[in-house]
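Enquirer: For reference, the chains in residue letters:
2 protein chains.
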Amino acid sequence: MKSNDEKVAIVGVGHSKFGKRLDVSINELGWEAIKPALQDAGVTQKDVDFYSLGNFGYWSEEILPAVTIGEYAGLSCGSLKTEAACASGSASLKIAVDSILSGNSEIAIAMGIEKMYNSPNGTIIELIGRAGNYFWEFENFGMTFPGYYALYATKYLDAYHSREEDLCEAAVKAHHYGSLNPYAQFQKETSVEECMKSKYVSRPLKLMDSSPITDGAAAVVLARGDVAKKLSDTPVFVEAQGYASGTAYMGRRDDYTGLEASRRAAEAAYRKAGLDGAANNFDIFEVHDCFTIAEVMAYEDLGLVKKGEGIQLLREHQTYRDGKYPANLDGGLKSKGHPIGATGISQAVEITKQLRGEAEKGRQADIRKGRGLQHNVGGTGHYAYVTIYSRGD
Amino acid sequence: MKSNDEKVAIVGVGHSKFGKRLDVSINELGWEAIKPALQDAGVTQKDVDFYSLGNFGYWSEEILPAVTIGEYAGLSCGSLKTEAACASGSASLKIAVDSILSGNSEIAIAMGIEKMYNSPNGTIIELIGRAGNYFWEFENFGMTFPGYYALYATKYLDAYHSREEDLCEAAVKAHHYGSLNPYAQFQKETSVEECMKSKYVSRPLKLMDSSPITDGAAAVVLARGDVAKKLSDTPVFVEAQGYASGTAYMGRRDDYTGLEASRRAAEAAYRKAGLDGAANNFDIFEVHDCFTIAEVMAYEDLGLVKKGEGIQLLREHQTYRDGKYPANLDGGLKSKGHPIGATGISQAVEITKQLRGEAEKGRQADIRKGRGLQHNVGGTGHYAYVTIYSRGD
Chain D
435 MKSNDEKVAI VGVGHSKFGK RLDVSINELG WEAIKPALQD AGVTQKDVDF
485 YSLGNFGYWS EEILPAVTIG EYAGLSCGSL KTEAACASGS ASLKIAVDSI
535 LSGNSEIAIA MGIEKMYNSP NGTIIELIGR AGNYFWEFEN FGMTFPGYYA
585 LYATKYLDAY HSREEDLCEA AVKAHHYGSL NPYAQFQKET SVEECMKSKY
635 VSRPLKLMDS SPITDGAAAV VLARGDVAKK LSDTPVFVEA QGYASGTAYM
685 GRRDDYTGLE ASRRAAEAAY RKAGLDGAAN NFDIFEVHDC FTIAEVMAYE
735 DLGLVKKGEG IQLLREHQTY RDGKYPANLD GGLKSKGHPI GATGISQAVE
785 ITKQLRGEAE KGRQADIRKG RGLQHNVGGT GHYAYVTIYS RGD
Chain X
435 MKSNDEKVAI VGVGHSKFGK RLDVSINELG WEAIKPALQD AGVTQKDVDF
485 YSLGNFGYWS EEILPAVTIG EYAGLSCGSL KTEAACASGS ASLKIAVDSI
535 LSGNSEIAIA MGIEKMYNSP NGTIIELIGR AGNYFWEFEN FGMTFPGYYA
585 LYATKYLDAY HSREEDLCEA AVKAHHYGSL NPYAQFQKET SVEECMKSKY
635 VSRPLKLMDS SPITDGAAAV VLARGDVAKK LSDTPVFVEA QGYASGTAYM
685 GRRDDYTGLE ASRRAAEAAY RKAGLDGAAN NFDIFEVHDC FTIAEVMAYE
735 DLGLVKKGEG IQLLREHQTY RDGKYPANLD GGLKSKGHPI GATGISQAVE
785 ITKQLRGEAE KGRQADIRKG RGLQHNVGGT GHYAYVTIYS RGD
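Which chain is which? The protein sequence lines are D and X, in order.
Counting from 435, one number per residue, gives the positions in the first sequence under our numbering.
Counting from 435, one number per residue, gives the positions in the second sequence under our numbering.
No lab work stands behind these hints: they were computed from the structure.
Careful: at least some of the hints might be erroneous.
The list treats identical chains as interchangeable, and a pair is accepted whether it falls inside one copy or across any two copies.
[Said to hold, decoys possible] Below, computed lysine to any residue pairings styled on SDA-like, alpha-carbon distance capped at 25 Å:
1. Lys436 - Gly537
2. Lys436 - Lys758
3. Lys741 - Leu456
4. Lys631 - Glu495
5. Lys622 - Pro646
6. Lys633 - Thr691
7. Lys451 - Ala593
8. Lys706 - Glu440
9. Lys436 - Asp483
10. Lys454 - Leu585
11. Lys480 - Ser536
12. Lys451 - Thr478
13. Lys664 - Ile558
14. Lys469 - Lys480
15. Lys803 - Asp710
Given the structure is predicted, the values throughout are model-derived calculations rather than measurements.
Using the sequences and the hints, build the whole thing.
Expert: As structure tokens, this is what we get:
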């Protein structure tokens, strides 16, 4: 195993307010995340050797956001943009981490951003829908993302004798923690009743089962371990990442109650980190809850529980802060918001804050094992990235 | 310095026919590059640990091309798409190389692709134009890429007492070598006279000063050095990459006779490789000639000659095969074609073929130093990537 000095650590985090951000340009929104991240790390732009940006942005007017944000933020180091659909943030993290592990950088920034309101380039739901399978499913059947996840929800509810009310428990949890997170898009509680009364988006999924359209940005400053210990008393190490790709064409998937790419990515991450799975090793989880059903599948795909038992975790509130597997204590994609390219980095920021003990009142997990697990999906399992963090103690 | 076993080497290359490729889908076009690359490396899809795709693609119907191409090609490993404008291919190479150097992969594919004809999403020149500076220059002044490079050409021709005929020499060279490259979009010679008679696109640049709209794909299989020597008798090592970003806003540039980002990227590459610059160290050059003026600036920004002397290299035919600095013996962007996301990988394929001694008749350089230099620009110097290759002997 690598020593802490040879690993890569997060030494600074920054997070914009998520929500409808018509008050800022994409460059200004980026700076809202980069500025606090640099300050938190105690470094300046000149110290940064590389900069990667996760962004989907097909609806954006600024077609080279990595450059315009870099220019606005005073970063003239090498840079690139990456896209892995809703896992773009995790891809950005991978690129920045590898850039350091390779010896090509000492300090790098991984960032993610999305401006989804005020899209000049057509209907955003249509453009997101193309990220399923354009040729077969979008063009022929008009599939968009609520429809894709509704297929999974229909199959899951039927296979495991679950009810829409059970799924709503995920929304209730998300909004509870979102109400405690000052950066969240929705800072208000909800209830199973309210969720059940919300309109259907694609049966059986309702508005309250769905993550919103969001503008937002998040950034982390990464450093090689030996540099990190000089910069920070509380470095959070990126111990391992696992990644896998699934088919774009849903008709080719074997299973509609989980995502095979998530399972393969998780296995790879545990193997690289030398861990025996998720159940006994983590204090805090961030899972990709673009829809409530996605959170349930994540519990199972990560191996917290067996297939069909994820819904039971929700029913028993086992993924609340004081449960067995605290998950999405920041409000998750559902309540914190889901600015596509930013989500993976926002999850990294949250796990860092949790492992440092810096989460806001009422939503700080009890940290005993010193490890956190991040699960980030692109598309409907087109991409899966699973990342393991630790305090290195 | 690293031993060859610790470096990353190209062990397989693949290149599609460049041109107007309405005969294939983007997935089929991708396979045209991946299949020969796998065969050349003697590996199968299962051996590949990671896959990166360089693609610009704002005009594409397939919005997750890394996934659809990966699915079509049988690659289910982790993947991502990257964009660094016209340097997307070099960014893809960086990601795949770093993925191996970091210890996260043993074998990876770096690929690039672009389908530019048959764009369903609006006028392609408009969309490329946005990659300048949307807010100030595109929206207010209607700037597109020929206009941007025409500003550079105007300044250069005036500052260094050069003529449009001199620039046309770059086009003549490009078409000469393009005529010898079976993968090139244009396989025919041209002349200074023909170039001078072609219509102005943006004064002083004419149609024959400009690279074309192109569909194409290219792929390289990369392996860790110790693995590479088992797979290939002729590995080509990626010795070093330098990268830098310039401003998006051209009004902020200090100099309009060269690209500052190119100069900084080149210096970083030479420093990392332990070389004293470009003039005495390379057998073969690939430079980013999106317009003829860009090739002249590249000669100077890379340090082959002093400022103002690049035009003299063209006049004296010093960058032909038998000259002092053989450059773009594949036809360059001008004649081989410029499928944006593929260009950086196409350059890597060409340098590999040259260093292996496998270029087609009439365009194989004399290889004595065993090193090649690649220069790839995104935007108008928004991104610059400079990569050094060697046979490692």
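Enquirer: Check the structure against each numbered hint from earlier and tell me which ones fail, lowest number first.
Expert: 2, 3, 4, 7, 10 and 13
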